[in-house]
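Modelling step: build the complete structure from the supplied sequences, incorporating the hints.
Chains as they are written, first to last, in this note's numbering: chain R, 23 to 300; chain U, 51 to 238.
Honestly, the hints are just simulated from the structure, not real lab data. Incorrect hints may appear among the rest.
Stated by the list, open to error - Using C-beta positions, here's what the derived DEER-type ranges look like:
id, chain 1, residue 1, chain 2, residue 2, range
1, U, Q227, R, D75, 19 to 27 angstroms
2, U, I192, R, R157, 41 to 49 angstroms
3, R, G249, U, K56, 50 to 58 angstroms
4, U, R234, R, D75, 41 to 49 angstroms
5, R, E297, U, R234, 30 to 38 angstroms
6, U, P103, R, P276, 52 to 60 angstroms
To be verified - Not close to chain R: a few residues of chain U, all C-beta gaps over 12 angstroms, as computed:
id, residue
7, P121
8, A138
9, L182
10, K231
To be verified - Okay, derived cross-link-like pairs now, DSSO-like style, lysine-lysine, Cα gap no bigger than 30 angstroms in a straight line:
id, chain 1, residue 1, chain 2, residue 2
11, R, K82, U, K188
12, U, K68, R, K161
13, U, K167, R, K67
14, U, K120, U, K231
15, U, K231, R, K82
16, R, K161, R, K82
17, U, K142, R, K67
18, U, K167, U, K142
19, U, K189, R, K123
20, R, K161, R, K179
21, U, K189, R, K296
22, R, K82, U, K142
23, U, K120, R, K33
24, U, K188, R, K123
25, R, K34, U, K120
26, R, K82, U, K166
27, R, K123, U, K120
28, U, K74, U, K142
The beta-carbon is built from N, C-alpha and C at its ideal position, and this holds for glycine as well.
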Amino acid sequence: MRTISAIEITKKVRELCISAACILEPDVAAALRTARDTEQSPLGKEVLGQIIDNFEIAGKEGVPMCQDTGISVFFIDIGREAVIDGSLADAVNEGVRQGYKDGYLRKSVCHPLTRVNTGDNTPAIIHTSIVDGDRLTIKFAPKGAGSENMSRLKMLKPSEGPIGIKTFVLETIREAGGNPCPPIVVGVGIGGSFEVSAILSKKALLRKVGAPNPDPEVNAMEVELLGLINELGIGPMGFGGTVTALGVHIETHPCHIASLPVAINIQCHAGRHKEVVI
Amino acid sequence: MTEPIKITTPLSEEDVMKLHAGNKVLISGVIYTARDAAHKRLIELIYREKELPLELNGQVIYYVGPTPAKPGQVIGSAGPTTSGRMDAYTPKLLSLGLRGMIGKGARNREVIEAMKKYKAVYFAAVGGAAALIARSIKKAEIVAYEDLGAEAIRRLEVVDFPAIVVNDAYGADLFQQGVEKYRRAPRD
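Written as structure tokens, this is what we have:
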């Protein structure tokens, strides 16, 4: 067994919170630069130019690229040969508390009914899985509400099949329009159960932008949907254009013979995700 | 691309009537920040016929909740939030003289009709361009609801704040026009 220090987890989470908010990952930056070159609308091109200038300023000055520094979502893989010398949830929440304070990030978490702010961006949303090995992998995906609010979940009838899935995705993106800050990345979770489809749709956003699903049939749907979404004409910030999405990521899971859950989670152009292995 | 139009707040009816959907603008002068919680409080004051903490006539409201300023900064990162969440409150504020709003995303039918009726304009700023936009903000002070933190009402002095006219006072809509132009898929 390998012991992992809770203090170390807090330290790493603090750093993840700050760096994710300020420094855009290279895959997202590259996708946005390509989008600027291919976008056909002059206004859309200009918007992408501002988005690129913005993340360059943020990275250089160490300031958040977006004021919505998000609710703090973590996917943590715990090696079954690792033991943590304390509470994982406490260690992560303390890291969030420190990171959001020391990084001058916005505290955007409140009670759902009273709307009173918790003041330190906690509690974090923590999804854990047990995996092989003795490492702890922390994947951090802060999520802003502009894109999160445009997400949808629907229990389709199995008879609706792939056409029903594609129609639901296209409807969702069209109705979202400029709200989720396009160009977006579209995470789609197909199958499993009600809650599993939602988690899959969010997990799909952790992939590098445009990285294909290894299953050729699923990837064919990703490619087809990306083409169809970009034909909708929504464009950067919804002002009209040919680049509405940078990628479509689909994750699947077997489901009940009588159901077909489909969840869509949308990621804005500031696709902040960072990972650390302890 | 055409050059942006420079405008200075507060805006008169005449200023607003010169603007058309798709125009790029650079806004200078004073603007006020307000988002969900501040709007709720303003509307409550209006219905209770109490005095408002800001003069609405000719003003522009920016839908933003900035990050905390670092030492030496005027304001933290300060990009627009989704405007649709303020739709329920907006027609009332427009009826009291509000002339402009800055945010991101589409407005509903009621707001677009109220903009035509009361001669107002809705601008979009680039969502997520929060560090870039913050550079055009030269001064920031809280004027009400400090307890709301990021959602407090702030008085901002801006110079050449970059935005785009989405809905003008004639009822035109950039989102509709833009998507129409680039759409290749049939609508249903």
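These are the hints, each one checked on the structure:
| no. | hint | in the structure |
| --- | --- | --- |
| 1 | U:Q227 to R:D75: 19 to 27 angstroms | holds, 25 angstroms |
| 2 | U:I192 to R:R157: 41 to 49 angstroms | holds, 46 angstroms |
| 3 | R:G249 to U:K56: 50 to 58 angstroms | violated, 40 angstroms |
| 4 | U:R234 to R:D75: 41 to 49 angstroms | violated, 29 angstroms |
| 5 | R:E297 to U:R234: 30 to 38 angstroms | holds, 36 angstroms |
| 6 | U:P103 to R:P276: 52 to 60 angstroms | holds, 57 angstroms |
| 7 | P121 | violated, 9 angstroms |
| 8 | A138 | holds, 15 angstroms |
| 9 | L182 | violated, 4 angstroms |
| 10 | K231 | violated, 5 angstroms |
| 11 | R:K82 to U:K188 | holds, 20 angstroms |
| 12 | U:K68 to R:K161 | violated, 50 angstroms |
| 13 | U:K167 to R:K67 | violated, 33 angstroms |
| 14 | U:K120 to U:K231 | violated, 42 angstroms |
| 15 | U:K231 to R:K82 | violated, 36 angstroms |
| 16 | R:K161 to R:K82 | holds, 23 angstroms |
| 17 | U:K142 to R:K67 | violated, 36 angstroms |
| 18 | U:K167 to U:K142 | holds, 12 angstroms |
| 19 | U:K189 to R:K123 | holds, 23 angstroms |
| 20 | R:K161 to R:K179 | violated, 33 angstroms |
| 21 | U:K189 to R:K296 | violated, 33 angstroms |
| 22 | R:K82 to U:K142 | violated, 42 angstroms |
| 23 | U:K120 to R:K33 | holds, 21 angstroms |
| 24 | U:K188 to R:K123 | holds, 24 angstroms |
| 25 | R:K34 to U:K120 | holds, 22 angstroms |
| 26 | R:K82 to U:K166 | violated, 43 angstroms |
| 27 | R:K123 to U:K120 | holds, 11 angstroms |
| 28 | U:K74 to U:K142 | holds, 27 angstroms |
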